[in-house]
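If you follow the hints, you should be able to join the two separate chains into one complex; please do so.
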Amino acid sequence: MPKFTLNDQPIEANDGQTIIQAAQDAGIDIPHYCYHPDLPIDGNCRMCLVEVEKMPKLTPSCTTMATEGMVVRSSSERVKEAVRGVLEFLLINHPVDCPVCDQAGECRLQDYYMVYGLHTSEIPLEMKVRKRKAIDLGPMVVLDQERCVLCSRCIRFFEHVTDTGEMQFFGRGDHVAIGTFEDKPLDNPYSGNVVDICPVGALTSRDFRFKCRVWFLHSTDSVCAGCSTGCSVRIDHRDGTIFRLLPRRNVEVNQSWLCDEGRLSFHELQTGERVVRPMIKGRDGIQAPVTWEDAVRSIDSRLKEIREANGAGSILGFGSPSATNEALYLFKRYLGGELGATHFDFRVDSEDTNVAEEEDQVLRHFDKHPNSMGAMKLGLMSAELCGIEGAIKAAREGRIKAGVVIYFNPLVRRRRDEEAEGRVLELIDQLEYSVVLATHRAEWHQSASVVLPVAAWSEEEGTYTNFQGRVQLAGRAIESGGDALPVWEVFAMLLHAAGAESPWMASDDVFSTMTETEAAYRGLTIEQTRLPGAVVVE
Amino acid sequence: MTKILLANADKPGQNTIAKYRERGGYKALEKALGMESSAVIDEVKASGLRGRGGAGFPTGMKWSFVPRNTGKPTYLLCNADESEPGTFKDRFLLEREPHLLIEGMAIAAYALGCHLSYIYMRGEFGFLEQPMEAALEEAYKAGILGASVLGRDFALDIHLHMGAGAYICGEETSLIESLEGYRGYPRIKPPFPATHGFLASPTVVNNVETLAALPWIITNGAQAHAAIGTEKSKGTKLFSVSGHVSKPGVYEVDLGYPLLDFINNEAGGIPNGRALKAVIPGGSSVPVLRAEECQGVLLDYESLLKAGSMLGSGGMIVLDDTAKMPEVLSVIADFYAHESCGQCTPCREGTGWASKVLRNLVAGEGTKADVDRLLKIADMMEGKTICPLADADVMPIRSFVTKFRSEFEALAAS
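So the protein lines, in turn, are chains A and B. All you need for the working numbering is the position in the first sequence, starting with 1, plus 1170. All you need for the working numbering is the position in the second sequence, starting with 1, plus 170.
Hints listed in this document are in silico derivations from the structure and should not be mistaken for laboratory results. Some hints could be false.
Covered stretches of chain B, going by a simulated chain A footprint (3 or more residues, C-beta under 8 Å) [claimed, not checked]:
| # | stretch |
| --- | --- |
| 1 | 516–523 |
| 2 | 553–563 |
Cross-link-like lysine to aspartate or glutamate pairs, in silico, DMTMM-like; alpha carbons within 25 Å at most [stated by the list, open to error]:
| # | chain 1 | residue 1 | chain 2 | residue 2 |
| --- | --- | --- | --- | --- |
| 3 | A | Lys1224 | B | Glu497 |
| 4 | A | Lys1298 | B | Asp542 |
| 5 | A | Lys1227 | B | Glu472 |
| 6 | B | Lys359 | A | Glu1238 |
| 7 | B | Lys359 | A | Asp1208 |
| 8 | B | Lys546 | A | Glu1602 |
| 9 | B | Lys359 | A | Glu1329 |
| 10 | A | Lys1298 | B | Glu535 |
| 11 | B | Lys573 | B | Glu401 |
| 12 | A | Lys1298 | B | Glu497 |
| 13 | B | Lys573 | B | Asp490 |
| 14 | B | Lys538 | A | Glu1296 |
| 15 | A | Lys1227 | B | Glu497 |
| 16 | B | Lys546 | A | Glu1221 |
| 17 | B | Lys538 | A | Glu1292 |
| 18 | A | Lys1563 | A | Glu1613 |
| 19 | B | Lys546 | A | Glu1247 |
| 20 | B | Lys242 | B | Glu347 |
| 21 | B | Lys447 | B | Glu401 |
| 22 | B | Lys417 | B | Asp180 |
| 23 | A | Lys1224 | B | Asp561 |
| 24 | A | Lys1451 | A | Glu1422 |
C-beta atoms are modelled at their ideal positions from N, C-alpha and C, and glycine is treated no differently.
Pulled out of the complex, with its shape left as it was, chain B reads as follows (with noise of 0.2 Å):
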């Protein structure tokens, strides 16, 4: 399977900018600058990149919304709030290939015809604010970043933001919110970010894992890039498996690749004999799947919708058989109670409710009333939200109290 991202992330001490160098890093920026800028957004289009945050959305037609000659400046913002349970696939990035990302917000920026541009960065991750600045630094010393990229009529600033702690952030409107100094409040759409975002301004919000995925295509072309993976899902994805298996860290495999050769493959399976129970494929946010449900199911974005999942930011929760869904749903729940900005009516008292129930259940003080009332502050809470963080619990607490049902009604008291 081919490494567009993760070739040179497991040798140690690659993210100095000579070491990438050596390998070739920003000669895909340099073949870019050379080019149309619409060539590179026409080319990019027909790579058929996909957005990796979560939403899938083609990062081509993305940036394509953006109207040029408004008089105001485009902004490109990288979304490195990565907050998603079962998520670590941008950290495994930021850490070990900072000048990848750089590379591929130099060529994004390019494209969009953006001199000014942010990495709003997770708070959580402050361990790695001093390294991302420091791989800027370099960035900016070596003629990357500044006046004049690599020596060309072309300007460009990256700046570094830290988040303060907040899931919603990684909503694009609130990331936007945030960076402007305000509390992190999505904002009603329309009007949409492409025409007015961070400043009133036309901007782009991308994901760590889909900027670095450019420099590639640029060096080895969009058709190479659409010769990877599926019809519709084009390229290859990373997944940050976690749970019980026997190895739990960061793959790269090509879209279309099958669910279960996944987890007892690169992930080396379920430890101690045990048996799958469940998987979540995409990140707390997608509805589980039972392990009969897993059956020739691909890791790609159509098969993962089929199946009544979402392939998602691909954080992959993995469960044998001694997990107690209940319980896993409860911290779920806690962790959308927790996160929900408070914004409007049905996330905030929804998640926080629903929290409360599950909880109480758990402790073995709820009723058998409890488990519909479930089912009920879900369908509340569904579609009448600002943006979906209610959403994103409402599809956990659906699938799990439908497909593990009896495990719920055990747990009422009698």
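In isolation and in its complexed conformation, chain A is listed as follows (with noise of 0.2 Å):
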């Protein structure tokens, strides 16, 4: 554990850490280009050059180990001076493109060019170096080889963090460009990181290309639910709108990477008409809306009358392996807790139960649900159900009179999904009543005897526990539309019209008892669901 100095603050430095690193750790930004924390070490920038005592030559920070009593300094004016020039390089042959830019307001050129540069450009423009601009390389990515700063991040993430090599130089001296071998589209499921860590706007997004100037958006911190690996996320909206969606850097989850279907994931949101209202199927068997009010009397009532009659093993709670810890908490006391029902499940597809199964090498699982860890620790899955089959045949065979169940679509989409909804739809066929909550409208929605309108993700915040049992704190991005609610709000309700207590005003409400009463939870705070997330044992 070396200890040295920059700027003469002392420092603690892990053992092989680079003084970049142990500045970082320390909450001091050294300028940089080619560094990144998740890539191999480059160099190459020369931006985050230090003085270092006892070296002739000032030395990139990112290159060299910090030593016990080392004595860097990052801002002399020998060290401005020169990071004034690598920036003042950097910009000469620079297109003046910001007007037209998607990266303005989150550039790394504008940024140092603030702090270290405020410099009068020197060279005429006719002078300046031209490379071929807005080249397509396929449905995420687009290459603008002039505003390149040839830092090569991106050809090391597609060399080292995807195994591809997709990327790299052409040519020699100031007419370097990087690109793919004859412009090849980029057919590469995480090829939306390099936009990311691209730090000037040679590579842009082309799903978010000229939609929204960055300085308009707000950041919300969350957990993508495309599937079980929870990669912790930011989703940048806009009164309402999703623009985007960034990962956030969870060095236990996916350190900085993101998968191009969850990046996209959010789109699936916007497609399709939601469900506005509660509705509730009449003698005539047409759904009308209610109120709220009247339809969760009327469920609990209903619910009520048939487990008088057969029992509260005729009831089913079959929740969602989407839904969050505390929409799943609360949907088991109310069912549970309330009613007595004994049968839960949540799998709809066989996958359901492969939580920790991986779909590739970086950071892709086959359970494209965020929270099935989160459904099993809750005790959601039944042994003698064995999933939506079992469930249907209890139905069939009139075992099972009642269901309430939660569907959400799944944000990343299968071949699939379409037999599972099939199977839904007929659990739904057999119940002879159903209370359906649903995001999305969908023709089987009209089997069902009840259809509650709810939160759809990025509109409920919750928490999800992954593939590792780490649970994680999804925020609430966006209202969602009409009456619809979030399902932890639901289910206070439903307690509520069956007088039990209901104090929960909040879901970190929800959060604080389910830690009070579920083995799995116990003595987690809600701090600790915040980056990096905690782990639950067993």
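In structure tokens:
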């Protein structure tokens, strides 16, 4: 653990850390382009040069190991001049694209120029090196070779993270340009990451291109709901519309990365019509809108009737592995705790318990739900039913009469999803009385006795438990439309209608109660569910 | 003066193994194989031989940095990527004394415990590929190379690898990258090639001229070599002289020989009755000397350094009073811009920018501010790059502009 000083401030580094890493850990940012904590070191941008006592030349802080007693300066005149020089060099051939470049507002050339540069350009426009612009690199990425500062982050990403090597330097000297071989489009499920790591607007997102200036966006910390990996993300939104998802760095889960499907998963939310009102099917077989109060009262009394007539075992709680822990907890508390139901499950297809099966070597899992582990830890997995097939059978045979079903459309689609929805429809058809909580309208909703509009991912705050057993908090970024409510609120209202205590005002209140009563989550605090999340024991 | 390297180079048809052996070729290798390898290293150390590629690092000391018993093979790479403008001495040796090089490499390989060696030859020397392959084949046939060198318990393979036309691949880590099949980008150091070079193994990269000097040193002994030259610059040096001289060519002189004597005697002096204006003594990467500054300067590492320049590769360019210095500098600056690999910011952008500013100036479209701008670009590049190519551009820019400033200012558009 070498101790050194940076601008007279003492810092203790970990063994093997470079100066820039130790400085970052201590909260000091040394300006840089090519360095990235999750990529191998390259040392080519020369922006992170620092002065080290006893070294005759300035040295890059990303390639220099911190050693005991080292005296480092990053803000001396000599360093400032060098950094200003590197910046000036980077800007001489850089096109003046700011007005049309997506990166504006989060661009390291702009940011560092304001702090270290503020010089006047000494090169006439005609002298600038011209390169190719707006090159189509496939569905996710657009390349502008002129804007590139040749930091090689994208090259190193494809080389070392996905092991595929699609991008490389071409040419020599100030005509070097990055690109793919013969402009071949990027066919890589992680291609979107190079847009994140590109410090300038050379690689931009086709999905986000020209849609919104970044300074208009608000950010909400969340967790991707695409699969059981549970990558930490940031939802960027404005006025109720999500514009993009970015990964948040979580060394325990996804480092700095996010898969393309997850990145685009928010578009699923904007596809199709939403369920906007609670609907109850009348004697005429037609579903009519009602108020929440009426809906909740009707549901509670009807379920109690069925319980009287057929026993508590005739009620099924079919949760969703995409619902939050708080939602599933109150779901269980109402149906199980209050009504005494004993049949619970959540598995719509066979992948649902392969929580930990990896789809590739980088991030993705086959289970396209964020909270299968959460559902399991809350005990919602019936050994008797073994998933929806068993539930359908039990319903067909009349052992189960009523069911409350939470169904979320998967945000990352697979071919088997249609079959899965078909099975949900079958279940609803077999049930005498069914309550469906859903976000998006589907044909099969018409078979349900009651349809309740609920919040989708990004509209409901709550925790998910990923494949590692790690609990992470997903924030609420936007409002649902219509009368849709967060799932946890629906069950809080049902508990209230049933005459049980229902004191929770916000989802973290539910979380607190859950940690008190559920063995799996005992002792956990809500703070622990922020980055990087906390792993709960079996 | 002693001829260590060029004793037979002027005679025609000397490059066959038969002719080479006739005049005692491969006897030095025989002798070395009879010594302990550590003794060979000591001999080279004591000889005072310094790297002839341009850096002038003591060869024996470089060899002793290589760790033994790492479990990894040691590699010897011959740097035949001669690309420094003004330098054509290695080409001369490669063409006329390939066996001198092969024998030198074999001696070095034996000293280092290396069994696999490569000659990395500049891509533009395509016309030398076949002759060098032929020389290597002769050596294999004669049992000089292969499983049992000269019948001894020492195996050595030497392969020829052609470069693809990049000056930067003369930088040792860039050479290694290229040999490994990657783009010729210099590596971050540390680690150094001595411990992590070719294929992450201990590696020594030596220049052609350096290796070619070894047979003489082994035959005649370290003391004999150290007796030639000056206190710190031992032995002889090849100079390839070009420019405004009557007899351009490659010459071998003892280190410490006076610069002006060399120009006037060996190189035949300035023709057409013109006067000397400037000399670039060691390749375009070293600072230029004005004619007055050449008084009393000796051709060795120390004297040239004291005079404000460097011995470098020994690629001497002589300029008479018809030379327009800004034009000369523009040609030089174009070279560095063309050859910059592009890996790091200051060199990539700076060499390109300087080249453009100079072109403008020479075309009469520059301004007075451009003259200081050139110096500013030089300062911005210096000492901040991964390899010294940027510094190699800085030296000529700074020395030309400072020493011949009036010529540059005169070009500025009024």
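Checklist entry - Are there hints from earlier that the structure breaks, and if so, what are their numbers? => result Violated hints: 3, 8, 11, 15, 21, 24; rest satisfied.
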